[in-house]
Amino acid sequence: MEKLAFYFTHSWNDLRVGGKRTLFALLCIAAGVAAVVSLQNLGAMIGASLTGNIQELNRGDIRVFPPGPGPNRESVGDTRIDNRYVETSGSGTSVFTYEGVLAIEQAVQRYDPDARVTYRYFSPTNPIAGTFLEVNNASQPILPFVIEVDKYPPYGEILTTDGQTIQAVMNDPTDIVISDNAATDHNLKVGDQVRLNSSNSLFTVRGIVDREAEALSENVIFVTLVGFYYMDVQAVDLFTDAESIAGNRHAAEVYVSLSNGEPEFVAEMSQRLQRQFRYVSITTTTDLRDRNSQITDAVSDLVLLMGFVSLLIGGIGIINTMLVIVARRTTEIAVLKTIGLQARQVTMLFLVESIVLGIIGSIIGCFLGVGIAYLLQYFDTFFGTRLTWVFSSEAIIRGFILGVLVTAVFGFLPTLIAGQVRPGHVLRPSTTQLPSIGIIHTLIATFVILLALGTISWSIIGGRLSVPVDNSWSILSVALAFAFAFGIGGAAIVPGMPFVNRDPKKLGTLNLLLRWGFLLFGMVVQTVLQGMLFFASAIVVVAIVNGKITTDSLYLATGIGVIFGLLVSVQGFLRQRSIFVALGGILLAFAVLFGIGMAVGGGVGWLIHNYSDSQAAIDFFTNLTLVEASFMLAMMMIGVLWFLVTLTARTPALGIPDVKISLRSLVFNRNRVSTTLMALVVGVLTLSLVTMFATSLKRLFAFSLEENLGGNVLVFTLVGSSNWEANLTNLEDVLQTTEGVKDYTLIANYQVDFVALEKPDGTRLKRAQLATLVEANAASGENMTDFLDFTLSNIDGRFVDQALPKKEFAAGSRQLNAGDEGQQVVVVTGNRAIQLAGIQPGDKLIFEFPKATGNQPRQISFLIVGVTDETIGDIGSDVGSPIYAPIDAFSGISPDAMGGVVNIDEDQVNVFRRQILDRVNNTIVLETRFLNQIVNRLIDQFTALPFLVAVLNLITGGTVIANSVALSTMERRRQIGVMKSLGVQRERVLGMLLLENGLMGFLAGIIGVGVSLLLLIQLWAFLFDGELKGALPVGTALLLMALCVGIALVAAILTAWGASGEKPLNVLRNE
Amino acid sequence: MSTAILLENVTKTVELGDQRLPIIKGISLEVARGEILGIIGPSGSGKSTLLGLLGGLDTPTTGRVVIDGIDISNMSEQRLTHIRNERIGFVFQLFHLIPTLTAVQNVALPIRFAEKRKYNPNQRAIELLTMLGLEHRLKHRPSQLSGGQQQRVAIARALANDPPILLCDEPTGNLDTVSGQQVLDSLKDIRERLQTTIIIVTHDLSIANQTDRTVTLEDGVLLEKNRII
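Protein sequence lines, in the order shown, are assigned to chains H and P. Just so you know, we're using this note's numbering here: the first sequence kicks off at 1 and counts up by one. Just so you know, we're using this note's numbering here: the second sequence kicks off at 1 and counts up by one.
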């Protein structure tokens, strides 16, 4: 106990006098712990939003949905639907009829007379009414919530931003209350008047509510993307084509609040309803609680895991710091051993020091983490949803425990080294080289670290990734854990073997043979790796310069890879053969022992699988495998970085001594430089992956909208059976008479039932036969039947004299032309499903048209004249269906919808919109830039969490680099003192340190950003056949690289400024 | 007079890269209990290596090293640590005090880590520091002490577990003449009071002249009055 007290006091004192060294080590831990705590607190905040007041969130104890497509709904066709209660709307979704709502109300009140029922209205005749806000001369999408104001919400209250209930402010049918995001987007305030599409009335904004009010609506994405408004059902009468609301309570969903909210009673009532209305879907508070708890748990685990990665990056800082602490105190350790401390006591002393470091760092990290989480609640536009601030003690406890554990685990190896310092060192204190801890200790340390990390990972992930013990694949997870352990052990032993270190002349024949064998093998592997590195670099350069990847550029890059790969290997062979020997030996030892480990582990796994039946063991081994594989990956990355540092250090110094010294320092410290770089690379890589992928996606979308759509305005018309021809005429008339319309394309869309494919010889293949054919030809795992059904479920009518989609046609295929007017001919998009079905020009497609009336034919047979040449995933294809025919080939049958793409002068868009609103019914006009904005916002929201994680990783990486610079300047105080005593100015000393660290930052940037670029290039080149469509965010890449260099430089200035200014005499006397 | 230290044909060879360098080339030496022995010799003659062997900081390649009747030649590192803690005190040229600990804490350290504790650590530390004239510097850290004071704290630390042998490596090398003499006087005083055997390795002939006996180490060989012993 007394000794432990001494360890603590001594550690505390040492850290206290450690100055910057202690500070940066603490910050490394703190940054990692802050990431864990903030992310987990964020998880708790998301959880609180999802599981807070469950009855309010569920809008009642029970929600009832009609059948049909969409979340929470039973699919139509599973059960027989009572047509009195459910009606299919024009847009394909179904709604409850007035009778349906009444029937549900009666069913509920029969058992619970005090229960209350309300509903959200949805018009089956004009589903797009009120879905666009006509404001500031623009049509902007918005989600309507048409409610019974006096009964909504069934639980709790919805308050406006000025604290009033919606009932208090909505007194007239034209009064609406809008969500805060819609108000911000459209610059609306209380009292403003707006128009809604399909109504000539003016509506007044009476209040603004938080978008969270409908956060759990099944349309949550639209709620956060475009916002919503509340309107009373009485306002339905104000819309054109509207039914009178009296007796027409068409409901998209029905809310039931019971007199008793106990889960048993809710479940009983829900079962009664389900028995009576078999085709409806029901969500109860219990369902919602379960679902949200699952989401919360998954989110919490995910964010904790992400934070853990950040903490591991911080762990690199711990290793570096502890190594320097041990190196600087070798004499002290030797003294302690001289006066009677055993090796284990010295190890314990330093372990306590790293734990004290962990405790203090974790406490700071907890404070920082809570602070970050607190600030996150203000980033609502960033996350899309507003988060309620909650203080999560669990986040703090887990963050603290993880912080201390990780520090202890990462501090373990350096403390073992401390225990190995020889006491005789005290007699020659000028040497500061760290002792080697030997193969056995290295192995023990590595496995203790892996086991500890595996256990931590097990405590976080548990059995989420493992196979059930009764499944024979569970044997593999055990076998892999052993195989990696053996392999890593084998790889760790090799660098200490005599054939690597000893002079070849002094080796025996066997060792010499081994040396040459490993040398050759290592050289081949390294040449291939180098080749790949140069190949990848060449590809990135070609992609940026050319904007596309062609076969020629692949040959060029391969050539560069081969030549430079060989050149570097030849140089290495002449200068440093032992690197090849070590590499070859490590890889071969890994491979051989991996195999032995597989066999041993397979045996253990078999025993567990057959005799022990312990799922916990399988879970543990799975996590251990995960940790071991990550460790391997990290080691490989460090290896690559080590190689790159060595390569960089070989850059000619051009006779400039400062450059020479900086390069020498880099190579001298390359072990630490490569681990530090790894911390920075992980941060930069994650950040660049997220930001560059998002930027690239946005560009691609904008590109495909601008380039392929062929216009800047979209027009949608929902067609009623009676007036579609008049509507079409009016639409064409507006298009032809409005000034500024350059060109346009109109499309009439028909939803059809596919009947059969008729071959030229008269053979008919029905849908089921075609599906069988497609499945037979598809690769295993490909689900092409759904794709076939999708492709054959719609057909477009197009004007043959207007712009037609720009498509490639194979021989024997053609585009529609003027001569096809009135002919029943079609062009089919040759996607993979169509190819697999063997559909070709000359075949006929027979469709049934459900909307055909009177004398109109129910079925029409179309002759295929063209099958386009498509590549999978061509997102640049034009708007419209995959199959199109001349617009007058449909025998006058009413289409389901009409739309068009219009290319019009920007300043004429408002005039055009006014014309359309006045003359064409049920039509909305949408500028493509709004679509762009929505997509951008969607991408931003989806990337918000990964972006946050990446930023936290980068902060941790930056701290690790600051720590590393602080340590290396401290180690080099003597060198700095000598340089200054020789007359080198402070600025020049600082310049050298900056150059060295700038190079480090540059390397990290090149790798992090380069890998992201490479992945993007590969992805887009694969999707677009080598065409990169200008989607590479080169600007973002350069910015990220500059950020990386900037972080390294700032870290260097912060830590090196003081050291470079010290008086040489002070330094030389004290060092 | 009984023997405190006995060296029999001790050699020490070290590997330097691919070369094997003999540092100590067969030394035999006997030091009596309570004797002050001076070892002098030029740089590179093997003084530090010899001191390491005498203090159990290193083991000989061949030969026997017997300390206080115990043969430590082939002892494990763990046993050697106990021997160093209980039977040998070290005084170094650069003092090597733990900078973060006070004078008392530094002196008490070997007692705290003794296998069998003979003294109350703090009480013993205060006694020793008082004996060495440092009673007014008990709570000071090394950085707050002069060189002579630091060395006297180091001597007190070396005496903490009342070892029969004190090994001093250039104990006055980092001190001015007055402080150096004070330290030497302290060592003599200790021998008188505690009958401690003291070995002083030094360059300084004026120090060597004040010892009971002086031997010279030259190129790994020990000479006494110019005679190889």
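In case anyone wonders, no lab produced these hints; they're calculated from the structure. A few of these clues could be false.
[To be verified] The calculated EDC-like cross-link candidates involving lysine to aspartate or glutamate, where the alpha carbons are at most 20 angstroms apart (straight line), are: (1) P/Lys116 - H/Glu105; (2) H/Lys151 - H/Asp172; (3) H/Lys151 - H/Glu134; (4) H/Lys505 - P/Glu127; (5) P/Lys188 - P/Glu115; (6) H/Lys742 - H/Asp843; (7) H/Lys151 - H/Asp112; (8) P/Lys118 - P/Asp162; (9) H/Lys844 - H/Asp789; (10) H/Lys506 - P/Glu115; (11) H/Lys3 - P/Glu86; (12) P/Lys118 - H/Glu1027; (13) P/Lys25 - P/Glu218; (14) H/Lys548 - H/Glu2; (15) H/Lys3 - P/Glu15; (16) H/Lys742 - H/Glu758; (17) H/Lys151 - H/Glu105; (18) H/Lys698 - H/Asp907.
[Said to hold, decoys possible] Here chain P is said to cover these stretches of chain H; the calculated rule only asks that three of the stretch's residues, wherever they fall, bring their Cβ under 8 angstroms from a Cβ of chain P: (19) 9–18; (20) 341–348; (21) 414–428.
[As the list claims (entries may be wrong)] Partial chain H-side listing against chain P, Cβ under 8 angstroms, derived: (22) Glu2; (23) Thr331; (24) Lys337; (25) Thr338; (26) Tyr611.
Just so you know, these numbers come straight off a predicted model, no measurement behind them. Idealized CB from N, CA, C, for every residue including glycine.
Results of checking the hints against the structure:
1. P/Lys116 - H/Glu105: Violated, because 87 angstroms separates the two Cα atoms, which is more than 20 angstroms.
2. H/Lys151 - H/Asp172: holds, 15 angstroms
3. H/Lys151 - H/Glu134: At roughly 28 angstroms apart (the allowed maximum being 20 angstroms), H/Glu134 and H/Lys151 break the hint.
4. H/Lys505 - P/Glu127: violated, 61 angstroms
5. P/Lys188 - P/Glu115: Violated: P/Lys188 and P/Glu115 sit about 29 angstroms apart, past 20 angstroms.
6. H/Lys742 - H/Asp843: violated, 37 angstroms
7. H/Lys151 - H/Asp112: Given that 20 angstroms is the threshold and the Cα spacing comes to 18 angstroms, the pair holds.
8. P/Lys118 - P/Asp162: holds, 9 angstroms
9. H/Lys844 - H/Asp789: holds, 16 angstroms
10. H/Lys506 - P/Glu115: violated, 45 angstroms
11. H/Lys3 - P/Glu86: holds, 17 angstroms
12. P/Lys118 - H/Glu1027: violated, 84 angstroms
13. P/Lys25 - P/Glu218: holds, 10 angstroms
14. H/Lys548 - H/Glu2: Measuring from Cα to Cα gives roughly 70 angstroms; hence the hint is violated.
15. H/Lys3 - P/Glu15: Distance of about 37 angstroms is beyond 20 angstroms: violated.
16. H/Lys742 - H/Glu758: Measuring from Cα to Cα gives roughly 40 angstroms; hence the hint is violated.
17. H/Lys151 - H/Glu105: holds, 14 angstroms
18. H/Lys698 - H/Asp907: violated, 25 angstroms
19. 9–18: holds (count 5)
20. 341–348: As far as the stretch 341–348 of chain H goes, the hint holds, because 4 residues have Cβ atoms under 8 angstroms from chain P.
21. 414–428: Holds: 6 residues of the stretch 414–428 of chain H have a Cβ under 8 angstroms from chain P.
22. Glu2: Holds - the Cβ of H/Glu2 comes within 8 angstroms of chain P, reaching about 6 angstroms at its closest.
23. Thr331: For H/Thr331, the interface hint holds, since the closest Cβ of chain P sits about 6 angstroms away, which is under 8 angstroms.
24. Lys337: holds, 7 angstroms
25. Thr338: holds, 5 angstroms
26. Tyr611: violated, 42 angstroms
Going down the numbered hints, you'll see the structure goes against 1, 3, 4, 5, 6, 10, 12, 14, 15, 16, 18, 26, while the others check out.
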